[in-house]
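If you want the building blocks of each chain, they are given just below.
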Amino acid sequence: MDFQLSDDHRMLQDSLRGILTRHSGDALWPALVEAGVPAALLTEDEGGFDGSGAAIALIFEEMGRAGVALPLTGTMIGAAAMAQAGRPAEDGAIVAFADAEPGTRYDRGVAIRAEGDRLTGRKTMIAGAEDATAIVVTTADALWLVQPGAEGLSMRGYPLIDGQRGADLELDATPALRLGGLADFGVVLSRGVLAHAALALGTITAAVDLTMDYLRTRKQFGQPLMSFQALAHRAADLAVEVEQARSAVVNLAGHLTDDTPLRDRHLQACKVTVGRVARLVAEEAIQLHGGIGMTEEYALAAMVRRLLAADAAMGDADWHLERFALGEPAWA
Amino acid sequence: MDMRFTPDELAFRDKVRAFLQADLDPDLARKVRLHQPLTKAEMEGWHAKLNAQGWLAGNWPTKFGGAGWTAIQRHIFEEESARAHAPRVVPFGIAMLGPVLQKFGSKEQQDHWLPRILNGDDWWCQGYSEPGAGSDLAGLRCRAERQGDHYVVNGQKTWTTLGQHANMIFCLVRTSTEGKKQEGISFLLIDMTTPGVTVRPIILLDGTAEVNEVFFDDVKVPVENLVGEENQGWTYAKYLLTHERTNIAGVGFATAALENLKRVAQAQVHRGRPLAQDPLFAAEIALVEIDLMAMSTTNLRMLSAAAQGQAPGIESSMLKIKGTQIRQRLDALTRRAYGGWAMALPASGNEGEPEEADEVLSATATWLNNRKLSIYGGSNEIQRSIIAGALAKG
Numbered sequence: 001m002d003f004q005l006s007d008d009h010r011m012l013q014d015s016l017r018g019i020l021t022r023h024s025g026d027a028l029w030p031a032l033v034e035a036g037v038p039a040a041l042l043t044e045d046e047g048g049f050d051g052s053g054a055a056i057a058l059i060f061e062e063m064g065r066a067g068v069a070l071p072l073t074g075t076m077i078g079a080a081a082m083a084q085a086g087r088p089a090e091d092g093a094i095v096a097f098a099d100a101e102p103g104t105r106y107d108r109g110v111a112i113r114a115e116g117d118r119l120t121g122r123k124t125m126i127a128g129a130e131d132a133t134a135i136v137v138t139t140a141d142a143l144w145l146v147q148p149g150a151e152g153l154s155m156r157g158y159p160l161i162d163g164q165r166g167a168d169l170e171l172d173a174t175p176a177l178r179l180g181g182l183a184d185f186g187v188v189l190s191r192g193v194l195a196h197a198a199l200a201l202g203t204i205t206a207a208v209d210l211t212m213d214y215l216r217t218r219k220q221f222g223q224p225l226m227s228f229q230a231l232a233h234r235a236a237d238l239a240v241e242v243e244q245a246r247s248a249v250v251n252l253a254g255h256l257t258d259d260t261p262l263r264d265r266h267l268q269a270c271k272v273t274v275g276r277v278a279r280l281v282a283e284e285a286i287q288l289h290g291g292i293g294m295t296e297e298y299a300l301a302a303m304v305r306r307l308l309a310a311d312a313a314m315g316d317a318d319w320h321l322e323r324f325a326l327g328e329p330a331w332a
Numbered sequence: 001m002d003m004r005f006t007p008d009e010l011a012f013r014d015k016v017r018a019f020l021q022a023d024l025d026p027d028l029a030r031k032v033r034l035h036q037p038l039t040k041a042e043m044e045g046w047h048a049k050l051n052a053q054g055w056l057a058g059n060w061p062t063k064f065g066g067a068g069w070t071a072i073q074r075h076i077f078e079e080e081s082a083r084a085h086a087p088r089v090v091p092f093g094i095a096m097l098g099p100v101l102q103k104f105g106s107k108e109q110q111d112h113w114l115p116r117i118l119n120g121d122d123w124w125c126q127g128y129s130e131p132g133a134g135s136d137l138a139g140l141r142c143r144a145e146r147q148g149d150h151y152v153v154n155g156q157k158t159w160t161t162l163g164q165h166a167n168m169i170f171c172l173v174r175t176s177t178e179g180k181k182q183e184g185i186s187f188l189l190i191d192m193t194t195p196g197v198t199v200r201p202i203i204l205l206d207g208t209a210e211v212n213e214v215f216f217d218d219v220k221v222p223v224e225n226l227v228g229e230e231n232q233g234w235t236y237a238k239y240l241l242t243h244e245r246t247n248i249a250g251v252g253f254a255t256a257a258l259e260n261l262k263r264v265a266q267a268q269v270h271r272g273r274p275l276a277q278d279p280l281f282a283a284e285i286a287l288v289e290i291d292l293m294a295m296s297t298t299n300l301r302m303l304s305a306a307a308q309g310q311a312p313g314i315e316s317s318m319l320k321i322k323g324t325q326i327r328q329r330l331d332a333l334t335r336r337a338y339g340g341w342a343m344a345l346p347a348s349g350n351e352g353e354p355e356e357a358d359e360v361l362s363a364t365a366t367w368l369n370n371r372k373l374s375i376y377g378g379s380n381e382i383q384r385s386i387i388a389g390a391l392a393k394g
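So the protein sequences, as listed, match chains A and Z.
Using full-length UniProt numbering, the first residue of the first sequence is number 1, and each one after it goes up by one.
Using full-length UniProt numbering, the first residue of the second sequence is number 1, and each one after it goes up by one.
In isolation and in its complexed conformation, chain Z is listed as follows (with noise of 0.2 Å):
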């Protein structure tokens, strides 16, 4: 056993380092830190830098124009980007389709769509749950009927993560209602510009408008944007949960948040000292921080043990548990650590002013949105339940 990095991947945290300080504006990494929602040009431009590196794709292979990164080595990218602040890689486009198409699509498809999402010419959302199919996801009923070389899709998606940046949607849907439920799902590709897609968004309780529903309406859609084989999406979805969870467990933005919390800590005054010295609170602080040094360890175990060809099983999903207690503990510590002061709306036009103020709502709206961590990509019940089949089945 050896648990340091070798000296490879030292030299590869220092190139990943070096480049955030160097090419990472201070003022976008402060809208990062504070949680504030970031323009469609600020996503786009952090892209365009992170490719014009070649680091884009950390996840994909080299010919597809990917870094072919290590596991390690894409879990130092993600670490040391969250804890400079950095955007994150949306992961519509780069970990969710990419790998789907990469296995699944074919060459055309491979050829067309794959260097676009690199070059920022399409922007893609991810068309999963509807109202009626959450947790339930293969109960979906947003329908596809194949019309001569259409299909013509009707029905609708929801919590759709910054679709109204999108052009491009990636879909499940339903191409057959006989067998089991599973079996009759598609996975299509889908251009949002096409007459009958409309976009709502969803105000969510920290005031933002980062999901969305997606309504559509005789909208039709190329065979040739099927993925795959007809009625075998359900397969393609579950290869592209797995794929989607390479950094579930979150330790970067669980590490960025406890920095945050001890200055926090360190700055609030409490019976006259710093409340980082009051033994109750401290406590606190240090009972989330060695849980994140025990998680941090069964993260990297689990990702060397995936480069050593084992297929991940519900090891993600004890992460992704893990991962998400982790970081709302921490949000919610934040708040506490304010006090009194922790009482204003976030997105209210009250920011800036004073300037300190902005770090108070910061920590508002930080605990409202991240409640969605424990809910989306598969809830923390439905990992409980995955968990939970798997050690029934011994």
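Bound conformation, chain A alone (with noise of 0.2 Å):
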């Protein structure tokens, strides 16, 4: 048994450091793509080079960490998806993923429905979808590829809470390419539910760090806050859960391209823990910073917005802990 990085991994993530240090805003995507990113968390039969559970981990830990906001999550998954399909995406491609609906927390299909090949209803909450050159819908059972600027279709955008701008798609009997079943990409689908996990983990970390250096630098009463035992101890407990979320998406990553169920169970278990660290993290970072930590202008504000957007993402906590205790599969 081995947990550590490979050769490749460990070049893979110093690479990527160095990018995020070096380049921001609009640079960074064309860096990204440079030196190879999108093409790592797909495989070579996707046109890629890695694609592996390892490999999306990292990358998205890593961008969480950082706290950049990209629509890498929809393109891996569209550009998975789309080769599948035997439909590969071009070169440098971005993909929407357009998933959730609105009112309908994550039930598929009830505020969408497909007649023949048209799609007609609405998608809530898509990222990138303003910049994308194709996007992949979900609809009860299937994927289905749309392409931006069809027929019927209108977009709506705003900012998202975790940095990026999202959209509202409303389609009216617009012309769609059926990709397949939700449930023949179930691989597909969990690496996107992977790097929602690594990002939160990623996001995470930072956040804990950042509370870890206050507690230890902030003086009240004449003393660092850390050596007040009630804080002391909630921190060691965050410190606690970090790891646990950590062992989940280990545990994910690990057996994302196993059989189902078992690779259903870690992907909910998953979902379960980074879901609940997560919104731990969140409220307790922000306590144990105290008014400084509800400013715009200090790091945690956008971390904790991230924090909330990465549980909401492809099924919450709540939604997967209810399938797992089912023994409910996760595609269906």
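If you're looking for bench data, these hints aren't it; they were derived computationally from the structure.
C-beta: ideal position from N, C-alpha, C; glycine also.
Heads up, a few of these hints could be off.
Residues from chain A shown here face chain Z by an in silico Cβ test under 7 Å; the list is partial [unchecked claim]:
no.: 1; residue: VAL33
no.: 2; residue: GLY103
no.: 3; residue: TYR106
no.: 4; residue: VAL110
no.: 5; residue: LEU160
no.: 6; residue: VAL187
no.: 7; residue: LEU280
no.: 8; residue: GLU284
no.: 9; residue: ILE286
no.: 10; residue: GLN287
no.: 11; residue: GLY290
no.: 12; residue: GLY291
no.: 13; residue: ALA309
From the two separate chains plus the hints, produce the assembled complex.
Structure representation (structure tokens):
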């Protein structure tokens, strides 16, 4: 048993850290593409060079730690699904993954329906939709490919809490290509969940590190906050929970290509664990900071909002908990 | 024992309900319900309506122009107002400064300042916390030096809620560095239009500018603006804190949040039926509701004891902790009820389109903003220390 990164993955991590240090804003995406980061998320069959659970976990954890908000998850899911369906995306494509529907929590196919090869209805909270070169849309039991600018498609953009821009899609008999049944894309979709979980883990780590630094340096009553046992014990509890979250991500990454139901159970357990830790860290990081943790100009604010987003994407802890408890599959 | 309200109290509740029904503008109530920031004019307008009714200062004795309500009446008013989504009475003049002036202020100060609070001539804010003095409030350093018939104030205050609207600030300032740090603090009333006062907004993580930093640079304050005696400010501050806390449990706010959560859970679809029928989620809601039922009675038991003359002690700390925990759990559950829909940024200019998106945005905005509940007014950690300190004495 070996939980260390392989040499290739360590090099990937070093290269990614370098890019995330040197580039930001509009320059970041081209730098990541040039360094092959999106390609590392895809298998050779999909036109990439890795696509393993370990690679996905490390890339998204670094993104989360650096606080980067890019439509990388949607691009990974979309490109992999398109490749699997024999319709590979172009190089440098940005694919948006349209999954959530307004008012339905995580039920699919309630606000949207397919008739023949046309889709009608609504999707919401779609990261990167405005810049996307292709959109992959879920319905109750299938994945569909929709072209931006297709007939009957309208889009309304707004900022998301994780720092990206999102959009609502309105489809009115919009032509779409059926890529396949939802369950056929179990591994692809599970990679998306792993990406969200690893992104959350990176953010969790960054938020906890920031909180520990604050507790060590901020003084009240003439002493560092960390010298107050009530606070120090809560810090210790956070450190324990971070390890739980990390192991949950490792579990999913390691079982990503296993058969169901083993993969599904790890997926659900991962989302439950990481989601609950993310909520705890968001609340505790603010509280342990006090007022400064509520302010926009302090680094924690953006982290907290990303933690809220991380739990909500692709089924939150509540949703996956129920399916785990009832022994239900992740994708059906 | 009789847990029911008396006929008089029930009649009072009906009067409050009738007033709220008749005088609360539905558009204003909607803003309050959606946790959208109110304008100064909206808050002042509500104060004026209450004042016209003689209800603005429920906690003040009638001789100062207050309503002279009992603790139970105040509780009824606060609960009904919260459930109707009325704006809350801005606490700084009414709930905080008023009682201090009534107890420790001079006759001249009472005659001058108290009517101005009721009439809305002055908007007060609170100058307590400093960057280095939060939980350790007595460590404050903002300095006031006596020079003839003035104090000259230098320093900084922070977390000054709604200070952007205020023309007056009551401050704890350091007038002595000798002896215990609590013994060199004075309570000073400062006109914010005086040269040398600067207000800078602090943007919070929900995007609002609710709190401020206030800077004092050689600000001249007439000595008649000292409340009580020099270096006795800590006593007045502690008095203020105990009287700030009649509504500390926030039962009305929690009740309104619970009603909202149930409405949201009824409207959201989960496995093809309302989320409210999902046993797991319904149980989460039930657990908070059960906690609220118990706390609501704890609150009434303590109000009743206070009405019988027992001094409030650690009870208010207990209510602060439990009350804020309940409200924050309700806020978290409301966001969770929306699931993947609750990912848009509040205060983003996205409001109003579509209509229901307002509700989702408000769930996130409320979660973010209400993290303050367990931090301000003495953090929940400070409240636990107060309780533990009392328990240690036995």
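Verification of the supplied hints:
Below 7 Å, beta-carbon pairs count as interface contacts, and VAL33/A has none with chain Z, the closest being about 25 Å; its hint is therefore violated. Hint on GLY103/A holds. Least Cβ distance to chain Z is approximately 6 Å, under the 7 Å limit. Interface hint at TYR106/A: satisfied, since its Cβ lies 6 Å from the closest Cβ of chain Z, which is below the 7 Å cut-off. Evaluation of the VAL110/A hint against chain Z yields a held restraint, the C-beta minimum of about 6 Å falling below 7 Å.
With 7 Å as the threshold, the beta carbon of LEU160/A comes within range of chain Z, its nearest partner Cβ sitting at about 5 Å, so the hint holds. With its C-beta approaching chain Z no nearer than about 21 Å, VAL187/A sits outside the 7 Å limit, and its interface hint is violated. Contact between LEU280/A and chain Z, as hinted, is not supported at the beta carbon level, the nearest pair being about 11 Å apart and thus beyond 7 Å. The beta carbon of GLU284/A is not positioned within 7 Å of any beta carbon in chain Z (closest approach about 11 Å), and the interface hint is therefore violated.
The interface hint given for ILE286/A holds, since its Cβ lies 5 Å from the closest Cβ of chain Z, which is under the 7 Å cut-off. Evaluation of the GLN287/A hint against chain Z yields a held restraint, the C-beta minimum of about 6 Å falling below 7 Å. Annotation: GLY290/A was flagged as interfacial toward chain Z, and the flag holds, the nearest CB pair being 5 Å apart, inside 7 Å. Nearest Cβ of chain Z to the Cβ of GLY291/A: about 5 Å, under the 7 Å cut. The hint holds.
A distance limit of 7 Å between C-beta atoms decides the matter here; for ALA309/A the minimum to chain Z is near 5 Å, and the interface restraint holds.
Violated hints, listed in ascending order, are 1, 6, 7 and 8; each of the other numbered hints is respected by the structure.
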